[in-house]
Amino acid sequence: MATGMWTAVSGAISQQHAIDAVANNLANVDTPAFKKEAAVFQEYLARNHGDVATVDIPRKPIQDKDFYPLDGRDKSFVVTDGTRIDFQQGPLSPTQSPLDVALDGPGFLEVSTPSGVRYTRHGSLKLAMDGRLVTSEGYPVLAAQPGGLAAAQSAASTVQPGQGGPTTQGGVAAGQGAAPEIAARFITVPPDAGRLSITEAGDIYIGPDSIGKLAVVRFDDPKPLRKVGQGLFDNPGGQAQPVVAAGTRVLQGVLEKSNVNPIEEMNRMIRANRMFEQDMKAIRTWSDLMGREANDLGKL
Amino acid sequence: MIRALTSAATGMEAQSANIERISNDLANVNTDGYKRSRTEFKDLMYQTVTEPGGATGAGSQTPVGIQKGSGVRVGASYKIFEQGPAKMTYHPYDMMIEGRGFFPVQLPNGEVGYTRVGAFHLDPQGRVTTSEGGLLLPQIQVPPNATSITVSPNGEVKATLPGNAEAVLGQIQLVTFQNEQGLGASGNGLYRPTSGSGAPLQGIPGENGLGTILQNALESSNVNVPNSMVEMISTQRAFEMNSKVMGVADQMWGAVNAVKQ
Chain A
1 MATGMWTAVS GAISQQHAID AVANNLANVD TPAFKKEAAV FQEYLARNHG
51 DVATVDIPRK PIQDKDFYPL DGRDKSFVVT DGTRIDFQQG PLSPTQSPLD
101 VALDGPGFLE VSTPSGVRYT RHGSLKLAMD GRLVTSEGYP VLAAQPGGLA
151 AAQSAASTVQ PGQGGPTTQG GVAAGQGAAP EIAARFITVP PDAGRLSITE
201 AGDIYIGPDS IGKLAVVRFD DPKPLRKVGQ GLFDNPGGQA QPVVAAGTRV
251 LQGVLEKSNV NPIEEMNRMI RANRMFEQDM KAIRTWSDLM GREANDLGKL
Chain B
1001 MIRALTSAAT GMEAQSANIE RISNDLANVN TDGYKRSRTE FKDLMYQTVT
1051 EPGGATGAGS QTPVGIQKGS GVRVGASYKI FEQGPAKMTY HPYDMMIEGR
1101 GFFPVQLPNG EVGYTRVGAF HLDPQGRVTT SEGGLLLPQI QVPPNATSIT
1151 VSPNGEVKAT LPGNAEAVLG QIQLVTFQNE QGLGASGNGL YRPTSGSGAP
1201 LQGIPGENGL GTILQNALES SNVNVPNSMV EMISTQRAFE MNSKVMGVAD
1251 QMWGAVNAVK Q
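Chains as they are written, first to last, in this note's numbering: chain A, 1 to 300; chain B, 1001 to 1261.
Extracted from the complex, chain A is given alone in its bound form (with noise of 0.2 Å):
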């Protein structure tokens, strides 16, 4: 009985997912490189009774429903289908921090994290105190390429930069430390550096001297990557192939902000708060119907 009641229960469900996702985007409104998040609905059928061949002149006393060709439509809900990843780029504003880099382009960054390479656009690095250049979380962040300024030229006949064995590994290296091939890649600024300068290209100088190239790599459909917190994209599985970015640019002493926009997330409150009311609304009409069949129907 009341299976329409269900319906609504589902409706509300859904928009209470909506709503979720709204206050966790308006959370992160001033999150650097945060990238907002929507809901996908679905509707979904619960009991597909009557077949389309069968729909066919009725041989039995009309009955309403033979007008509408319900096919368990009146019986379906919604389900979430997924949340949506919005990887449009968030505007870029000037912080003048030699260690603030923005990718200004679909690409990301390389990081090692305890759990394997993970993927960030969340730029704002930092020194260790051992000279690494890390997130503020203590990532190291990886370079294209092995080694530092020696290794690197001669490593370069080698490896190719940015793809092949070190970034497909990281979704499946399960991990306490860093792989050995991993740990070549950190960049380690020397303790008595003058001021680092980053190139478009994403090359480290001091002074005149290359210490390293950070590795900024794109995914052509970076869909399946998922969310960790911090700023940081996992890859499960290696299901997206990271290829080297061509067209990103690495912009010294600027952070990419957050790409919510408030207006919208508002928009998207509203209605979601009204059409929970709604729901709300036919749940109550449900209770009503329900408690009239009870109790009123074998009153003369």
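These aren't lab readings, by the way, just hints derived from the structure by calculation.
Here the structure is a predicted model, which is why all the values come from computation and not from measurement.
Some hints could be false.
[Stated by the list, open to error] Partner residues aside, some chain B positions facing chain A, computed with beta carbon under 7 Å: (1) I1002; (2) D1043; (3) Y1046; (4) P1052; (5) V1064; (6) G1065; (7) V1074; (8) G1184; (9) G1196; (10) P1200; (11) I1204; (12) E1240; (13) M1241; (14) V1259.
All residues carry an ideal CB built from backbone N, CA and C; glycine is no exception.
Mind docking chain B on chain A? Use the hints.
Same frame as chain A, but now just chain B:
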């Protein structure tokens, strides 16, 4: 809705931490040697309801998953050691560092602190000290009959004595750290080394990437007022937006409660 409520609460908390930081920066807009701070936000962990790429049948996969975020937190808050503008004071014991570096100072409690506030004075014994009584290291003693002192850009301190004589009093050393942002601020313009900053690296001003010394000047605060104002506006609005979300979550919850009369 509980998630929306708590997400909005984390947003409000982060924005209020930001307002506290901005108000501290603006309060120190005229503090010599003050370095502005930055609060950096990070998104919190995600709950994965459906894994992207999960199989939905033979040969088909969900292209996107369902991930629910749980808000924001202050990921880091640190000083920006950008050079502040020079303020000419024409006081011979005022020194400003142009570039990287800190003055090492022996504090009254025996510890060594590091500062960029170069407003020095003389103590009764003629030693160069900060206004809190911290002795500049290595100690420099000015003879009582010195008519003037000069500090060269590379930190050499000379005194002019009566009768056109000149005496070298000492050499100012500067200290830097591998990771300056890892220094702990302890007020009074002083910083202390932490395990995140690395060991102090001492050197002669102007060498090995260290800055040079400019006498008769002080480094002003590097707070950028227009920027702080813009940040204040956007922080306030972001706070309001998060409180709106909280209100909506509350309304929705109220609507659920109203279903049962």
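Hint check results:
1. I1002: violated, 9 Å
2. D1043: holds, 5 Å
3. Y1046: It holds, given that the least Cβ distance between Y1046/B and chain A is near 5 Å, below 7 Å.
4. P1052: holds, 5 Å
5. V1064: holds, 4 Å
6. G1065: Where the cut-off is 7 Å and the nearest Cβ of chain A is about 6 Å from G1065/B, the hint holds.
7. V1074: With a closest approach of 10 Å, the V1074/B hint is violated.
8. G1184: violated, 13 Å
9. G1196: holds, 6 Å
10. P1200: Violated: closest Cβ of chain A sits about 11 Å from P1200/B, beyond 7 Å.
11. I1204: Result: violated, 12 Å to nearest chain A Cβ.
12. E1240: violated, 10 Å
13. M1241: holds, 5 Å
14. V1259: Since chain A brings a Cβ to about 5 Å from V1259/B, closer than 7 Å, the hint holds.
The structure fails to meet hints 1, 7, 8, 10, 11, 12 from the earlier list, while all remaining hints are met.
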